[in-house]
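Residue 52 in the working numbering sits at position 52 of the sequence shown; the count goes up by one each step and never skips.
Honestly, the hints are just simulated from the structure, not real lab data. Heads up, a few of these hints could be off.
Claimed, not checked - Pairs of lysine to aspartate or glutamate, EDC-like flavour, derived with a Cα cap of 20 Å: (1) Lys-32 with Glu-483; (2) Lys-102 with Asp-69; (3) Lys-62 with Glu-49; (4) Lys-62 with Glu-148; (5) Lys-477 with Glu-440; (6) Lys-233 with Glu-294; (7) Lys-454 with Glu-374.
Said to hold, decoys possible - Ranges between beta-carbon positions, derived for each pair: (8) Lys-7 with Ala-520: 55 to 63 Å; (9) Asn-97 with Gly-457: 44 to 52 Å; (10) Thr-304 with Glu-182: 16 to 24 Å; (11) Ser-406 with Ala-108: 47 to 55 Å; (12) Asp-385 with Asp-261: 26 to 34 Å; (13) Gly-521 with Asp-261: 33 to 41 Å; (14) Glu-140 with Lys-307: 24 to 32 Å; (15) Glu-541 with Ala-108: 32 to 40 Å; (16) Gly-211 with Glu-541: 57 to 65 Å; (17) Gly-521 with Arg-46: 18 to 26 Å.
C-beta: ideal position from N, C-alpha, C; glycine also.
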Amino acid sequence: MLSALKKNPSWNGRKGPVVLVIMDGVGYGKYKEGDAVADADMRHFRALESSCPSTRLKAHGKAVGLPSDDDMGNSEVGHNAIGCGRVFSQGAKLVNNSIQSKSMFSGAVWEKLISNVLTTGGTLHFIGLFSDGNVHSHIEHLKAMLEEALAEGVKKARIHILLDGRDVGAQSALDYVIPFEEFLAGLNSKGADYRIASGGGRQYITMDRYGADWEMVERGWNCHVKGIGRRFKSAQEAIETYRRENPQVIDQDIHEFVVFDEKGPVGPIQDGDSVVFFNFRGDRALEITRAFEEENFSKFDRGTKPKVFYAGMMQYDGDLGIPANYLVSPPAIDRTVGEYVASTGLKSLAISETQKYGHVTYFFNGNRTEKFSEELEDYVEIPSDRVPFEQRPWMKCAEITDKVISSIQSGTYDFIRLNYPNGDMVGHTGVYQAVVCAMESMDLQLGRLAEAIKSAGGIMILTADHGNSDDMYEHDKKSGKVEMDSNGEPRAKTSHSLNPVPCVIYDPDYKGEYAKQLEAGLGISSLAATCIALLGYLPPEGYDRPVIALNAELGK
């Protein structure tokens, strides 16, 4: 356990709690058209923003540990940065470095993957998100591994593709599949037998998280492992057929497909094979990994589990050791806000609904599942609805608020952190009306929270982990004009944005203890020190500086 935080000798904070509100996927849009945050009636947020100290924070690219500022932020790296107060190189960058330096291919796990299939005569399988979104995976990582496998003598490989349409264009799957088939043809011209074997949309198969819908994982298992699913001669034929049957279907929702030839499915996973799950992000990789690794597995009937050597791109849960074998070590994040708060003897609450529960716990705590203190930390998960998010755009924001308000009124907690998933989860649907509704539903709850904070004499920080709902239309990169679909409607954008996010400090008992002018140009990692400062403590050495000015005169 860390040493306790040092009290600020000039200011002891407020009598009520510090409440950190993470409005997932809410940023400041670059374009007027398609900015659902600006279009929504968010009167409570606007009132707080205009009357309270506020600034804008960076939530993408290098500010959150990604390779370049062309990389959009995401909830995983965003909550890591908010929770640990510093910027660590994240999955995408770590994998890039490992491939470029060839260290991945000289490691024991890669060598075992290759030697296993060379010994057994088995197949090397790759499963993962099939795009260059760089949030969960990157197609270039997959291509680099296939090239290396061929160079090391692996003749047979099968790829099981999870269509994106969420971190990239909503109907962009063929933009990846067609060039990739050409890439495979080049490898096959050298004597290989490398083929796409199965696939489906990431929101329909395989990539569930937080145990929200194990049926997704079961569909993926049946498709990838057993070769059970609707059959097509190629991935391209599958995608074109599903689109012909439903022109509005977006890639993430496409049903499973299995590629077959005259002998049947081309790539079921069998004894003696090696399997790589090539996503580097952990939350949507854990469940399928458990299905491959656990002996006493009870979430669905796997049938006879094939005897394979399985590895993840990274270790997805260090506490639980999942997976046992992985290609690249994840960032070693330490000294998080949660650990400092517990070490200081402060009581804290982390709460969200299922879809983001792991973000205010696991990711906020530096990819740690367990609590730092059973006595001092409470985690609350509100079960999410298992329906398409555009059908319930308000999600569980009212229920989350109910619990937070009662927790504020109880006087039990010093620090409360919560996540409203609406802006992100509904934003990913691309349904503009639903996103506006999601924003307005959340804003109603901000009004309720503000009243509770005022009554308790606390402080509320409004912020976000990345943008999304602020950028709902595709725009031409040169002209900035909205792109139109075949029906003459704005083309929906379902991915995150590169836009800055809010930082608003609502402190109703403010008496000039710090400057109202908050520092501009910082990243969301500055929120950790800000929370600690507002609790009345000195931020730890090495933390990125807070948005509020701390000096010897503070509180005098």
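*Are there hints from earlier that the structure breaks, and if so, what are their numbers?*
Going through the list in order, the structure violates hints 2, 3, 4, 5, 6, 7, 8, 10, 12, 13, 16 and respects the others.
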